[in-house]
Structure formats: structure tokens, C-alpha cells
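**Student:** Residue strings, one per chain:
Protein chains: 2
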Amino acid sequence: MYDGTNFSGFERQPNRRTIEGVLTQKVNVMAKLPEPPIIIYGSGRTDAGVHAVAQVAHFDFPFDLSAEAIYRGLNSMLPLDMEITKVEKVSNDFHARYDVSGKKYFYRMYLGEFQNPFKRNYTGHWKFPIDMEKVNHALADLVGEHDFSSFVASGSTARSNIRTIYSASAKLDQAENEVHLEFYGNGFLYNMVRIMVGVVAEIGSGMRPESDVLRLFEVKDRDQARRTMPASGLYLKRVFYEGDDPEHPTKLPKR
Amino acid sequence: MYDGTNFSGFERQPNRRTIEGVLTQKVNVMAKLPEPPIIIYGSGRTDAGVHAVAQVAHFDFPFDLSAEAIYRGLNSMLPLDMEITKVEKVSNDFHARYDVSGKKYFYRMYLGEFQNPFKRNYTGHWKFPIDMEKVNHALADLVGEHDFSSFVASGSTARSNIRTIYSASAKLDQAENEVHLEFYGNGFLYNMVRIMVGVVAEIGSGMRPESDVLRLFEVKDRDQARRTMPASGLYLKRVFYEGDDPEHPTKLPKR
Chain A
1 MYDGTNFSGF
11 ERQPNRRTIE
21 GVLTQKVNVM
31 AKLPEPPIII
41 YGSGRTDAGV
51 HAVAQVAHFD
61 FPFDLSAEAI
71 YRGLNSMLPL
81 DMEITKVEKV
91 SNDFHARYDV
101 SGKKYFYRMY
111 LGEFQNPFKR
121 NYTGHWKFPI
131 DMEKVNHALA
141 DLVGEHDFSS
151 FVASGSTARS
161 NIRTIYSASA
171 KLDQAENEVH
181 LEFYGNGFLY
191 NMVRIMVGVV
201 AEIGSGMRPE
211 SDVLRLFEVK
221 DRDQARRTMP
231 ASGLYLKRVF
241 YEGDDPEHPT
251 KLPKR
Chain B
1 MYDGTNFSGF
11 ERQPNRRTIE
21 GVLTQKVNVM
31 AKLPEPPIII
41 YGSGRTDAGV
51 HAVAQVAHFD
61 FPFDLSAEAI
71 YRGLNSMLPL
81 DMEITKVEKV
91 SNDFHARYDV
101 SGKKYFYRMY
111 LGEFQNPFKR
121 NYTGHWKFPI
131 DMEKVNHALA
141 DLVGEHDFSS
151 FVASGSTARS
161 NIRTIYSASA
171 KLDQAENEVH
181 LEFYGNGFLY
191 NMVRIMVGVV
201 AEIGSGMRPE
211 SDVLRLFEVK
221 DRDQARRTMP
231 ASGLYLKRVF
241 YEGDDPEHPT
251 KLPKR
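Order-wise, the sequence lines are chains A and B.
For the first sequence, UniProt numbering assigns the number 1 to the initial residue and increments by one for each residue that follows.
For the second sequence, UniProt numbering assigns the number 1 to the initial residue and increments by one for each residue that follows.
Be a bit skeptical, because a hint or two may be false.
Any copy, or any two copies together, can satisfy a pair, since identical chains are not distinguished.
[To be verified] Subject to a maximum C-alpha distance of 27 Å in a straight line, what follows is the list of computed BS3-like cross-link-like pairs (lysine-lysine): (1) K134 / K171; (2) K127 / K26; (3) K237 / K104; (4) K127 / K86; (5) K119 / K26; (6) K237 / K86; (7) K26 / K237; (8) K32 / K119; (9) K237 / K119; (10) K104 / K89; (11) K89 / K220; (12) K127 / K237; (13) K86 / K134; (14) K104 / K127; (15) K237 / K134.
Hints in this document: simulated from the structure, not taken from any laboratory.
Just so we're clear, the structure is a prediction, and the values are computed from it rather than from any experiment.
Construct the entire structure; sequences and hints are all you get.
**Tutor:** Shown next as C-alpha cells:
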């Protein structure tokens with residue numbers, strides 16, 4: 001679990017504070033080993049400012065420490081904006097990235113006229129009136145196997161833009177004055193969730209025709225999706241591995 | 001309303017980012033006036049890292065702008081961690097500080113074994129088992145008019161340490177794994193709430209006898225209260241002015 005606000009994303013980079021970088025450093029401190037360092041394999045990247053309540057990573061630890069000892073040891077060394085929620089020993093052939101069968105993302109969209117000071121780093125701000133019926137129509141169109149070329153940011157390294165969204169839902173939280181969106185799929189392209197949320201929000205607020213998602217699937221042109229919603233509202237909610245969800249056991253071919 | 005995390009408290013200080021400093025600068029920009037600048041009078045200070053959901057301040061604006069125009073103008077200029085929730089025109093003799101008849105503070109204490117990354121700036125962390133009956137016993141002892149000399153940090157400029165607490169309550173939020181404490185009184189000394197929460201938490205966790213509050217009132221010795229809970233868990237929840245609460249209309253003598 002991490003608050004992505006003060007990280008330059010997940011992936012290790014020289015001179016940048018990243019999740020992978022901090023975790024790699026702590027794990028190697030714990031192992032007190034000379035090179036070669038222990039390598040951390042995450043389920044995938046998250047961008048700068050994106051949060052995770054359930055990111056998954058694996059590494060090969062050279063000593064026989066109990067999961068409990070690793071859990072306590074790491075948490076006592078990690079900065080306050082990162083926390084290990086669970087440590088499990090896995091079989092040697094488990095791979096945190098290649099064995100992923102699905103991911104669930106959550107997006108918090110705050111609807112106030114002005115961004116709430118306490119929510120600025122934890123929601124995306126959407127100040128336009130929004131019609132949940134239109135939102136749900138747009139989400140329904142996103143579900144299924146599609147070519148998401150209109151929903152991927154430049155810089156994506158994926159070989160294919162075909163992905164399957166198993167479910168997409170939204171609910172209005174009146175008390176918080178937020179819309180909460182959830183996407184569950186077999187994989188997501190670079191910025192795909194944030195671009196989808198932008199399109200869905202624009203449809204919900206009448207800036208796009210209600211069926212514009214179908215047109216965007218056709219045109220395969222990212223420029224027509226335009227808006228990428230802020231990273232601050234995005235949370236990696238769950239990573240699924242083969243067997244976790246009998247309904248959707250398959251994993252993507254290695255990319 | 002402000003997220004105190006990135007502020008050096010409320011009070012204006014040279015070369016420090018403070019609530020009063022930022023607000024003063026924006027109000028004067030809005031007035032486009034040469035010196036003397038418009039002065040902001042807050043209901044009172046909050047320390048670095050302390051939050052406010054309902055701080056109150058007044059200033060004399062030289063032009064006849066509508067409350068609505070000032071509300072929109074300021075919010076469009078303010079940084080994202082500050083928001084004006086309401087603007088009202090008041091009579092010339094209203095004073096945001098001297099007319100205060102009471103204040104309500106809220107404290108969020110997170111009980112997890114390790115601090116939650118998303119709560120690190122918004123709660124105080126308390127990792128010891130806590131008995132809510134003992135907590136409520138301690139809170140009941142705090143209610144009433146007392147000499148709070150054991151509960152004030154050095155550096156207080158108050159002439160008297162006598163204050164009246166009208167109500168003090170706590171509830172366990174199981175879902176959030178937090179204890180929420182609320183204090184309503186006619187005034188609070190420097191760090192008083194954070195010191196009280198520390199004593200209450202220590203009593204709740206059996207580190208102090210259940211009636212230790214009464215002893216601390218007697219000894220009038222701040223060193224015996226020791227712990228000051230983190231600013232991150234503290235919220236100024238409401239400021240009361242004469243008439244707001246018929247049960248407690250009186251205000252403190254000017255200090």
C-alpha cells in the first residue's frame with residue numbers, strides 16, 4: 001500500500017524517489033548483501049501520483065526469514081507513505097508480473113466547485129454537473145474485449161492495444177460529493193484508466209454524445225480522447241493471479 | 001478550511017508559508033491597494049501541521065464587493081490546500097478573535113500497528129491496545145472549569161490557565177480503526193488539546209491510573225503530562241461566537 005503523492009511512480013529510476021527504488025533499497029539493507037542486489041518484481045507500474053491499496057511484488061530473499069519477520073522488518077524501515085500489508089512465501093515459479101490474470105482500479109472523482117484541501121492529492125476534481133445514467137451508459141460500452149488504441153497515452157510499450165474489461169461501475173457518494181468508478185480487466189494500457197475516466201466524465205456531463213465510446217473504439221485515435229484525468233484520483237485496488245477469480249482465470253500473453 | 005500539512009501554522013511569519021500569510025497576500029492582491037495592507041484577524045492560531053475545517057477570520061475590505069465575489073475571487077487565487085468555505089459581511093464591531101465564545105476541536109487517532117500511508121498526515125498514530133471505558137472516564141474528568149497548567153506547553157502567552165471544557169467525548173470507529181475525540185470549551189491553551197489527548201490515550205492504554213487527570217490538575221506541572229500528540233491528527237472543527245450557543249454564550253475576558 002502506498003500514497004503515490006510524493007513518488008515519481010513505481011518504476012525504479014536514477015535520482016528519483018520511486019516505490020520500486022525505495023523497496024529495493026530496504027530489502028537489500030535487510031539482506032545485508034554485497035552485489036548483486038536483490039531485484040524487486042512488481043505486478044506492473046503505477047505513474048507518479050497514483051496510489052495503491054494492493055500492489056503486489058515478489059523478490060528472492062537469500063536467507064530463510066519468516067514471512068512475519070520480513071513483514072515487520074520492512075515496515076519498520078519503510079517511509080510513512082509506504083506500508084507492506086502482507087508478506088507471503090510463494091513457490092519459486094511465481095512471478096508477480098507475468099502471472100497477473102487481472103487488475104482492479106478505483107477512481108475517486110470529487111464534484112465540489114473548488115477542490116477540497118483534504119482531497120487534493122486523493123481525488124480527481126470534476127466541477128461539472130454529471131448525469132449518472134449517462135456515466136453508466138458509457139461504462140457499459142467500455143466492458144468487453146476491445147481495441148483501446150484511443151485510450152492509450154503515447155509512450156506505451158504494449159505490443160497490442162486489445163484488452164478485456166470484465167466490469168466497469170460507478171456510484172455517486174452523496175456524503176463525500178464524489179463519484180467512485182471501478183474498472184476490472186485483464187490488463188490496462190499506459191494511462192488507460194485515467195483516459196477512460198475522462199471520456200466517461202465528459203459523456204456524463206454532456207460534452208460528448210452518450211455513445212461516443214463506441215466511436216472512439218472505431219477511430220483508434222488517442223487525440224480524440226483528449227483528457228487524461230489526474231493521477232491523484234487513481235488507486236490500484238487489487239491484482240489478480242491465476243486462480244484468484246475462477247470466472248476470469250486466464251492471463252495475458254507475456255509482453 | 002485548510003490542510004495544515006504544508007503550512008508552518010496559522011500565524012504570519014517572515015519567510016514561512018502560513019495560513020494568515022497566504023490569505024493576507026491574496027486579500028491584498030484582490031484589493032490592489034498600496035500600503036497599508038489589509039490585516040487578517042483569525043479566531044486564533046493553529047500550529048504547524050494542524051488542520052481546520054472551520055477556521056474563522058475577518059478583515060476590513062476597502063471596496064463594496066459582494067460576499068459572493070470575495071468568495072469566488074479568493075478561492076480562485078488560493079492554493080489547493082486552502083479553501084474559503086463561506087464569506088459573510090459582518091457588523092463593524094465584530095472581531096474574529098475577541099468575540100469567540102467557544103471552540104470545538106477534533107482529534108483522529110489511528111490504532112493500526114503501523115501508520116497507514118494515507119493517514120499519516122491526517123491522524124495521530126497510537127499503536128497500543130486502548131480501553132474506551134478508561135478513555136471516557138478520563139474525558140469526563142477533563143470536563144468543567146479547571147486550571148490546565150499541567151496541559152499547556154511552554155511558550156504559552158496566556159495570562160491565566162483556567163479554562164472551561166463544556167464537553168469531551170470519544171468514539172471508536174471500527175471501520176477506520178480510529179478513535180475520534182472531540183473537545184468543546186471556552187478556550188484552549190497552547191498545545192492543550194494534543195497534551196490532553198496524550199494523557200487520555202495513556203490512561204486508556206493503562207500507562208496511567210484511571211484518575212490521573214485529577215492528579216494532574218492538582219500538581220499543575222506540565223512535565224508530568226509529557227506526551228504531546230502529533231499535530232497531524234488535530235482539526236479545528238468549529239469556532240463559536242456570542243449567540244451561536246445559547247447554553248454557553250459567554251466569552252473569555254480579552255487576553
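**Student:** Look at each hint and say if it fits the structure.
**Tutor:** Hints, verified against the model:
Taking the closest pair of Cα atoms, K134 and K171 come within 27 Å of each other only inside a single copy of the chain (12 Å); across copies the shortest separation is 40 Å, beyond that limit. For the identical chains of this complex, K127 and K26 are inter-copy neighbours only, at 23 Å across copies versus 41 Å inside a copy, given an alpha-carbon limit of 27 Å. Proximity of K237 and K104 under a CA criterion of 27 Å is satisfied intra-copy only: 5 Å inside one chain copy versus 36 Å between copies. In this assembly of identical chains, the alpha carbons of K127 and K86 lie at most 27 Å apart only when taken from different copies (18 Å versus 37 Å within one copy).
With identical chains, the CA atoms of K119 and K26 are at most 27 Å apart between copies only, with a shortest distance of 22 Å across copies and 30 Å within one. When the C-alpha separation of K237 and K86 is checked against a cutoff of 27 Å, the pair qualifies only within one copy, where the shortest distance is 14 Å, while the shortest distance between copies is 36 Å. For a Cα distance limit of 27 Å, the shortest separation of K26 from K237 inside one copy, 24 Å, qualifies, whereas the shortest one across copies, 39 Å, does not. For the identical chains of this complex, K32 and K119 are neighbours neither inside a copy (39 Å) nor across copies (31 Å), given an alpha-carbon limit of 27 Å.
In the homo-oligomer, the alpha carbons of K237 and K119 lie at most 27 Å apart both inside one protomer (18 Å) and across protomers (17 Å), since each shortest distance falls under that limit. Proximity of K104 and K89 under a CA criterion of 27 Å is satisfied intra-copy only: 23 Å inside one chain copy versus 49 Å between copies. In this homomeric assembly, K89 and K220 never come within 27 Å of each other (Cα to Cα): the closest approach is 42 Å inside a single copy and 54 Å across copies. Within a single copy, K127 and K237 get their C-alpha atoms as close as 25 Å, and across copies as close as 25 Å, so both meet the 27 Å cut-off.
Within a single copy, K86 and K134 get their C-alpha atoms no closer than 39 Å, and across copies no closer than 32 Å, so neither meets the 27 Å cut-off. Taking identical chains as interchangeable, the C-alpha atoms of K104 and K127 lie at most 27 Å apart only when both belong to the same chain, with a minimum of 25 Å there against 31 Å between chains. Only within a single protomer do K237 and K134 lie at most 27 Å apart by alpha-carbon distance; the minimum there is 24 Å, versus 37 Å between protomers.
Comparing the model with each numbered hint stated earlier shows that hints 8, 11 and 13 do not hold.
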